[in-house]
Each structure stands twice: as structure tokens, then as C-alpha cells.
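Enquirer: Those protein sequence lines, which keep their order, are chains A and B. Counting with the numbering used here, you get residues 1 to 465 for the letters of the first sequence. Counting with the numbering used here, you get residues 1 to 465 for the letters of the second sequence.
Calculated from the structure, these hints are not laboratory results. Cβ coordinates follow ideal geometry from the N, Cα and C atoms, glycine included. Careful, some of the hints might be misleading.
Stated by the list, open to error - Simulated DEER-style distance windows between Cβ atoms:
id, chain 1, residue 1, chain 2, residue 2, range
1, A, Arg274, B, Ala348, 55 to 65 Å
2, A, Ala352, B, Gly249, 28 to 38 Å
3, A, Ser211, B, Pro103, 35 to 45 Å
4, B, Asp341, A, Glu277, 51 to 61 Å
5, B, Ala348, A, Glu277, 25 to 35 Å
6, B, Ala352, A, Pro433, 34 to 44 Å
7, A, Arg274, B, Asp163, 27 to 37 Å
8, A, Ser102, B, Pro103, 26 to 36 Å
9, B, Ala352, A, Val109, 46 to 56 Å
10, A, Glu106, B, Asp341, 51 to 61 Å
11, A, Asp340, B, Glu259, 31 to 41 Å
12, A, Gln289, B, Gly249, 50 to 60 Å
13, B, Ala348, A, Pro269, 41 to 51 Å
14, A, Asp340, B, Thr258, 35 to 45 Å
There are 2 protein chains.
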Amino acid sequence: MSDTDLDAYCRTHQPRFVDELSAACRIPSISADPAHRDDVRRSAEHFAAAALAAGFQRAELIETAGHPAVYAERLADRRLPTALVYGHHDVQPVDPLEEWISPPFEPEVRDGLLYARGAVDDKGQVWMHLKAVEAHLRVRGELPLNLKLVVEGEEEIGSVHFDELVTRERDRLSADVAVVSDTPMFARGVPTLCTGLRGLAHVEVEVTGPSVDLHSGQFGGAVANPAEVLARMLASLKDPVTGRVLVAGFYDRVREPTEAERRQLATLPFDEQRFLEEAGGAAAVVGEQGWTTLERLWLRPTLEVNGSWSGYSGAGHKTIVPARARAKLSCRLVPDQEPDDIAERVAAALRALAPAGVRVTVSASPGGRPWVMPGDHPALRAARAAMRHGFGTEPAAMRMGGSIPPVATFQERLGLPAVLIGVGLPDDQIHAPNEHFDLDQYARGVRVVSRLWDELPAALSGPAA
Amino acid sequence: MSDTDLDAYCRTHQPRFVDELSAACRIPSISADPAHRDDVRRSAEHFAAAALAAGFQRAELIETAGHPAVYAERLADRRLPTALVYGHHDVQPVDPLEEWISPPFEPEVRDGLLYARGAVDDKGQVWMHLKAVEAHLRVRGELPLNLKLVVEGEEEIGSVHFDELVTRERDRLSADVAVVSDTPMFARGVPTLCTGLRGLAHVEVEVTGPSVDLHSGQFGGAVANPAEVLARMLASLKDPVTGRVLVAGFYDRVREPTEAERRQLATLPFDEQRFLEEAGGAAAVVGEQGWTTLERLWLRPTLEVNGSWSGYSGAGHKTIVPARARAKLSCRLVPDQEPDDIAERVAAALRALAPAGVRVTVSASPGGRPWVMPGDHPALRAARAAMRHGFGTEPAAMRMGGSIPPVATFQERLGLPAVLIGVGLPDDQIHAPNEHFDLDQYARGVRVVSRLWDELPAALSGPAA
Numbered sequence: 001m002s003d004t005d006l007d008a009y010c011r012t013h014q015p016r017f018v019d020e021l022s023a024a025c026r027i028p029s030i031s032a033d034p035a036h037r038d039d040v041r042r043s044a045e046h047f048a049a050a051a052l053a054a055g056f057q058r059a060e061l062i063e064t065a066g067h068p069a070v071y072a073e074r075l076a077d078r079r080l081p082t083a084l085v086y087g088h089h090d091v092q093p094v095d096p097l098e099e100w101i102s103p104p105f106e107p108e109v110r111d112g113l114l115y116a117r118g119a120v121d122d123k124g125q126v127w128m129h130l131k132a133v134e135a136h137l138r139v140r141g142e143l144p145l146n147l148k149l150v151v152e153g154e155e156e157i158g159s160v161h162f163d164e165l166v167t168r169e170r171d172r173l174s175a176d177v178a179v180v181s182d183t184p185m186f187a188r189g190v191p192t193l194c195t196g197l198r199g200l201a202h203v204e205v206e207v208t209g210p211s212v213d214l215h216s217g218q219f220g221g222a223v224a225n226p227a228e229v230l231a232r233m234l235a236s237l238k239d240p241v242t243g244r245v246l247v248a249g250f251y252d253r254v255r256e257p258t259e260a261e262r263r264q265l266a267t268l269p270f271d272e273q274r275f276l277e278e279a280g281g282a283a284a285v286v287g288e289q290g291w292t293t294l295e296r297l298w299l300r301p302t303l304e305v306n307g308s309w310s311g312y313s314g315a316g317h318k319t320i321v322p323a324r325a326r327a328k329l330s331c332r333l334v335p336d337q338e339p340d341d342i343a344e345r346v347a348a349a350l351r352a353l354a355p356a357g358v359r360v361t362v363s364a365s366p367g368g369r370p371w372v373m374p375g376d377h378p379a380l381r382a383a384r385a386a387m388r389h390g391f392g393t394e395p396a397a398m399r400m401g402g403s404i405p406p407v408a409t410f411q412e413r414l415g416l417p418a419v420l421i422g423v424g425l426p427d428d429q430i431h432a433p434n435e436h437f438d439l440d441q442y443a444r445g446v447r448v449v450s451r452l453w454d455e456l457p458a459a460l461s462g463p464a465a
Numbered sequence: 001m002s003d004t005d006l007d008a009y010c011r012t013h014q015p016r017f018v019d020e021l022s023a024a025c026r027i028p029s030i031s032a033d034p035a036h037r038d039d040v041r042r043s044a045e046h047f048a049a050a051a052l053a054a055g056f057q058r059a060e061l062i063e064t065a066g067h068p069a070v071y072a073e074r075l076a077d078r079r080l081p082t083a084l085v086y087g088h089h090d091v092q093p094v095d096p097l098e099e100w101i102s103p104p105f106e107p108e109v110r111d112g113l114l115y116a117r118g119a120v121d122d123k124g125q126v127w128m129h130l131k132a133v134e135a136h137l138r139v140r141g142e143l144p145l146n147l148k149l150v151v152e153g154e155e156e157i158g159s160v161h162f163d164e165l166v167t168r169e170r171d172r173l174s175a176d177v178a179v180v181s182d183t184p185m186f187a188r189g190v191p192t193l194c195t196g197l198r199g200l201a202h203v204e205v206e207v208t209g210p211s212v213d214l215h216s217g218q219f220g221g222a223v224a225n226p227a228e229v230l231a232r233m234l235a236s237l238k239d240p241v242t243g244r245v246l247v248a249g250f251y252d253r254v255r256e257p258t259e260a261e262r263r264q265l266a267t268l269p270f271d272e273q274r275f276l277e278e279a280g281g282a283a284a285v286v287g288e289q290g291w292t293t294l295e296r297l298w299l300r301p302t303l304e305v306n307g308s309w310s311g312y313s314g315a316g317h318k319t320i321v322p323a324r325a326r327a328k329l330s331c332r333l334v335p336d337q338e339p340d341d342i343a344e345r346v347a348a349a350l351r352a353l354a355p356a357g358v359r360v361t362v363s364a365s366p367g368g369r370p371w372v373m374p375g376d377h378p379a380l381r382a383a384r385a386a387m388r389h390g391f392g393t394e395p396a397a398m399r400m401g402g403s404i405p406p407v408a409t410f411q412e413r414l415g416l417p418a419v420l421i422g423v424g425l426p427d428d429q430i431h432a433p434n435e436h437f438d439l440d441q442y443a444r445g446v447r448v449v450s451r452l453w454d455e456l457p458a459a460l461s462g463p464a465a
């Protein structure tokens, strides 16, 4: 790794970068909890102030019907390309609190790791961008491109008002490329660019039988049992042998991967034992026949029951026929599945499975479109160079099983390609107790982002590869 | 209906009988709620005092590891047969409280109905026996048989310590016949003797996958989902077309009804529309093919899911693979199924259904044996005569879909036949808000029981029919 003047500045100031990130992490910006409403706003104000301090020309809050986002910009030269950096300043809830070794909003460094809720998801990864801007301006006096920053306050609750915000602010947010640092690397030592995300569709189903729970001796065996009906309906959604979803048309629009894509995935150092450990000690990999685990996670759509409930769940026995049974389901989608279409197909399948003697009501809602980025896009070439600079090795391309709906929003509403360049590690415990950010990854992340600003202009104005 | 001196006494004193029952119903003897522990004891003391006041020679509490039972006796003449009357003084919880028109423990008469928790189940039906004793003693000075009374305090929580109590007190409880007033009539105007009860077996199953809930994007589709696994397992327990339970050996010991039994059931005035209304407005009758609704409820065993739960059930979406899923099941059993055997067979079936990738744990427990009484037993002849005296028409024989485990206990531990003679009505709202006892049924019940004491001695000492 050849060191630049920017890198030297970052290295010198790294202790302060850690202190500043810690200060940002002290604000309990839990978007899901109404009790933290004011904290989320305070967090937004903190990020806006930090953007100005880093050298953005302007920074302000963008109000939504929910929590505010932060917008900042530094327009260096209108002839240069413009990057729109996206991140979020809200964080996940912290429970179970008793499993945290140090309190979630009292950041603490242990063994080179900064422990705090939001340390890596996503305050730390936004902070890399702020510090890269600072480095460019202090060392060179100006940025090599125009930079816009939007840091939303509702990512952890599904970016509920973000589509609307992007539509409303489309002029202000116009750019040539989106840059998102909210994804992990494949593994330590394997720098990674994420080139695909799955979409989401939600379905909730309720099976109603009698108006009240019934005595199982007086009525059991002679009226439909909603808990049993729901079990049969859920069991009918998937082939137990092939693992395929049996909803009509579910796979109709699924874009089949190329042999090259499958070969590329197969080169990644996937460790099944490690995967099972990360999967809470699951006993075995399972899933759709004919696909590897990574293919199942990244290239194939899924349908999962997220929760189900009926009748009595307390201590001892309550011999009833439950009045109703419910389940929440969600599908992860791949290109070119449409969330609306899939949600409605699953809902229709559930309605069609309803037997006589019960009422079945289903509600379906789209959760976000799948997204994929062509691997040869020039912005990715710039990102690969930046990653090489930070980690000294060629980065891998991966896709993610999860969903970041704003990335598809940028593509659809602003026509933007996106670079997903994150330096988190798979064991950072995001969304869990003892979330932490490896401070070496943080330092490398600032180095990567600083270089990305240098690489992007040439890549975006050069000939397409 | 020819009136006797006993009937005249009862009619004269009926207003006081209602007042006394109301006083007993003021005590909130909810056995399920530890907060009412002292109330259950106070209720037992109240019944013991009332038994002495009615003319029993002795009355006392029998302690158990849980709530106390009441024991009372009047031994008229050792040459006469002895009846053991069983009932219970504990009551069901009252929630939802807001649905009660008058408070559950402030008895109120409206339109000839006494509204109170326990009014008919079972304080009122025990009180019929106390008042019949009083009538015999005041009018004639002595009972025509020996009478023992055991009123337990844990019927509504599964008679948990009753088997042990009967075993311990078997000498004191020895008798020639058990008499139980804790069942409803088939319908108003259809006096009924209950000649069969179903048994019970309980099974609880837990499917465990990962140690924690997993991100459905990072792991969904590649690890087993316990909610889906449980749904498939539950769906596999019953044939959706024939309605038959698919557990190996489930029907092996089921005693097939005779054609005469089936014909007798078919004569009962079963009204399907009314049944569906009573079943909380269920949309249709369903169940095991080849059997009528009454046969399904009384002559056939069932398996029902009483409750199931997994994952997230709150508002909105939580896109997880749940760590575990659970369900409670119970079976209603018919002669000659054994609760232990069936519970273990269902547990074994569930264990056998467990697929790779999850851990399945099952706990099984017997809940009570099925019971049936030969329709030509001389005690039933006495009961039929008593019913005719109270209602002016020949009583029907019915079986019940529910379970009263003490009845089988009397048969097994004390060798007693049982007369199940109740005067509740199907719409009395037992176990529900606004439980009530029709005061005309109450008056007829005292009349029936008074006559039963007259009829039993001759029947039990005469030649078998």
C-alpha cells in the first residue's frame, strides 16, 4: 500500500476521528422507539454540524412525516461529476440490554474495537465519508468532485418516508452516482463491493373460525380449527423436498444467473461451518435444490414465516379450539421480481388455500425492489481501485441477501448507479448486543473513501469499460 | 307432574334457596388465580358450613397440596346404600370483565336467571343437593340412604390433586354409586342423563433451529425455519380429506359404537344451525368422514391444536427466521384409549416428523381417562325416574365431548358407577362472561335430586334390569 498525503493526514488524526465517532454514538437515536423521537432529531443536528465542520458548504435537516434526514453538499465545480453519499444516523433498539458488556450509548474501546450501538451500522461508516472530506479539504483545499450527502433517520424502520423524500428533493439530490457505505465485507481480509441486493414483500394472513375460543371437548373435531388450517396453508406454500415456493408465478420473472456469475460466486471463500455458527448454531444448511448456499442467499428469492400465533401459549393446558390464527410472512426478491406482484401472488395463494369453515383475510405490502449493478460499470472500477488502496488486495464482488430499499429508489427515481462500499465485518454484531466497529477497518475505510473521491471523476468521464 | 310433600317444601323455600346460592356465589373462588387462594379456602368453609346447616352430620375440609376440598356425610342407616355426591366449589376466571353486564361476584336476578360466576358451574348444582337434603330432613326427619358429599376446589384447573385425594380417602369415600351434577342437559325441555365422557391427553412440542432469531435476508432460504417446520409437522398429523388423525395406532383401541348406540344418538333433536351458533358462529361443521356431528363429538377421539406461537407477532414487520416455534395439542379420548398411550404415540409421531436442521422436543402428559356407563345400569333407572318427576318427560341419554376426570377416578379407584344428572342449559355461558343459572331449572333440579334419593335405594337393591 503506497501512502499518500491524504493517508498521512488520516493516520495522524485517527485518534480524534475515533473520539468524534464516539460522540456521535452517544446519542441514542433509536428510530423505532417513540420515546427517542427527540434523540433522533438531536442526532440529525449532530451530523449536520459535523458535516459543516468537515467542510461541507451547507448542511441542514430535511423534514419528513417521521424522523428528519440530514442533507449536506459541497459543490466543487459544476463541470465535475457529482456523487450522492447515502447513509443513516438512526440505530436499532438495544434490547436485551443485560447482554451488553458496556452500555450501548457509552462508547468504549476494547482490544481495538469501538463498542457502541451504531458504531458500524451506520454512524461509523457515514463518519468515514465526513473524515475523507475533511482530509481532502485540509490537505488539498478542495474536493476532486461535487459531493452531496443524505443521511436518513428511518433506515432501521424500513425507510418509510425515504421514497417520498427522494421524489420531493429530486433536484437537490441529482447526481451521477450513489455511494453507500452500509454493507459488510464478505470476511476479514476480503474487501468486497456489493453489487446486488434483494427486494422485499410482506404478507400477513389471518384465519378466523369461531368468534371466540371454543371448548375443545364440546366443539373440537366438529368445527374447523384455525391453528390447524393455518398450519396446512403455510405447509402448502413450499415443496418440502425441492424447497421451491409453490405460489403460482413466483419464479416467473426471476432473472437466471449466468454461468459466469455462478462461477464467480463459487470462487468466494465460503465456509459452511462458519456460516452455520453465524446462523446461531443452525444444525444444517437447507434450501432450494440445485443451488449453493450463497446462490440461495443472493440469487434466489425466498419465502419465510417470520412469526405465527394462535390460541393459548401460557403455562399448563387450555383445551380450546382457537378462534383465530395469524402469521407474518416475507419474501426476499431478486431481479426482476416486483414486490407488488409477488406480495399479491402470495396473498392470492393463501386465499385460494382457505378451506370451508373459516374466513381467511390477507394483507400484502411491497417492501422494496431488488437491485443489481452490472459488474463492469465504470463506478465499480473506481471503487475497486479505492478498495485496493485501502486493503492491498483486489476486492471481491458479492451480492447481499438483505435489502436496502433506498438503493433501488436511487436507481428508479434518480437514475443513479450505486457503489456499495462497506468495511464492516460479518461478526460486528449489528442489530445485536455488543455491536462494534473494528478501528483498523474504520481507518482503512477513511483511506478507501478518500481514494474513491480521487478515482471517481476519471472513471465516470472516461470511456465505459 | 305429581307434587309431593318434598316438592311443596322446596317450592315454599325457593326464594331462600336463591338467596343462599347467591351468597355462595359472592365468594370469588377462582382456583386458577393465586391471588384468590384465600377466597377458595373461604369458599370451602362456606360450603362446609352450609352442609352442616342443611343437616349433614359432619362436614370438614380435606386439605390437598393445592386448594382444599369439602367433605360432608350423613349416614342414615348402614343397611341402606350409600351415594357419593361429587361437585366443585371453585370457579373459572372472569375475564374479559368488561363483557359482564353485572359484576361476576355480585349475583343479580334478571328475567328469571341468576347471573354470577359459578351460578351453574358448579355452585348452583351442588346447592341443589344441599337443599334436597334439607328438604328430606325437614319434611321426613331422615334420608332414605346414606349420603357422602365431596366438593373439590380444583376442578377448573384440571382436578390436579383429586386422584391423590381419592386414593388417600378411599375408605371415607366408599359408596355404592357416584352422583355428579356438573353437566348440562342436551337442550331446554330435553332432560338428559350423561352416560359417557371423553378422556384427555396433552402434548407440547417445540421446534428449535438457530439459538437466536436470524436476519431473514442473511440466512433465510439456507437454514431451516422452525415456524415452517412446525407448520408442516402439525399439518401432517391429520388427513385433510378424511379428517382422520394420522398418528400410528391412534385408533387401535377405540371401541366402535354399536348400531343401536348410533341409532339412539340419531334420535336426539340435533340442530346444526344452533350448534354452529353455539360454536361462536363457526361457518360449517367439519370433521372425520363417515360420522355425524354428535358422533364426532361423543364417540370419536380428536386431536386439536390448542395454541401455537413463533417469531414476531407485534406491529409491522420483523424480517426474521424465528429461533423456535411451539405448539400445544390435546386429544379427546374415547373408551378404551389410554391417555398415557395416546400422549406417547402423538409425541412419537411428532418426533418422527422432525426434519434435518432442527431439534424437536416433545412433552406428553395424560389428562384423564374416558368413561362410559352402561345404559341399563339400575342407578340410571333411578335417575330416569327422578328426571321424569322433575321435567314431566322421559330423559334422553347423551354422552359428552368434554372430560370430567374425577368420574373415571371414581370408577377406577372406588369401583363406582356414576349418575351424571345435571340441569344446566347449553346457553348458560359457563366459563364465559354472564354465566347464569335459569331459576326454573334450579327449582326443577332440587325436585329431581330430592326424588333421586328416594329412587336410588330400591334401584340399587332390586334386581338388575
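Enquirer: Does each hint fit the structure? Answer for all of them.
Expert: So, going through the hints one by one against the coordinates:
1. A:Arg274 / B:Ala348: 55 to 65 Å: At roughly 36 Å between Cβ atoms, alanine 348 (chain B) and arginine 274 (chain A) fall outside 55 to 65 Å, so the hint is violated.
2. A:Ala352 / B:Gly249: 28 to 38 Å: 35 Å, holds
3. A:Ser211 / B:Pro103: 35 to 45 Å: Cβ of serine 211 (chain A) to Cβ of proline 103 (chain B): about 24 Å, so the range 35 to 45 Å is violated.
4. B:Asp341 / A:Glu277: 51 to 61 Å: 41 Å, violated
5. B:Ala348 / A:Glu277: 25 to 35 Å: 32 Å, holds
6. B:Ala352 / A:Pro433: 34 to 44 Å: For proline 433 (chain A) against alanine 352 (chain B), whose Cβ atoms are near 37 Å apart, the range 34 to 44 Å holds.
7. A:Arg274 / B:Asp163: 27 to 37 Å: The hinted range 27 to 37 Å is violated for arginine 274 (chain A) and aspartate 163 (chain B), with Cβ atoms some 53 Å apart.
8. A:Ser102 / B:Pro103: 26 to 36 Å: Since serine 102 (chain A) and proline 103 (chain B) have Cβ atoms about 52 Å apart, the given range 26 to 36 Å is violated.
9. B:Ala352 / A:Val109: 46 to 56 Å: 52 Å, holds
10. A:Glu106 / B:Asp341: 51 to 61 Å: Since glutamate 106 (chain A) and aspartate 341 (chain B) have Cβ atoms about 59 Å apart, the given range 51 to 61 Å holds.
11. A:Asp340 / B:Glu259: 31 to 41 Å: Violated: the Cβ-Cβ distance is about 59 Å, outside 31 to 41 Å.
12. A:Gln289 / B:Gly249: 50 to 60 Å: Because 34 Å falls outside the window, the suggested range is violated.
13. B:Ala348 / A:Pro269: 41 to 51 Å: 43 Å, holds
14. A:Asp340 / B:Thr258: 35 to 45 Å: 60 Å, violated
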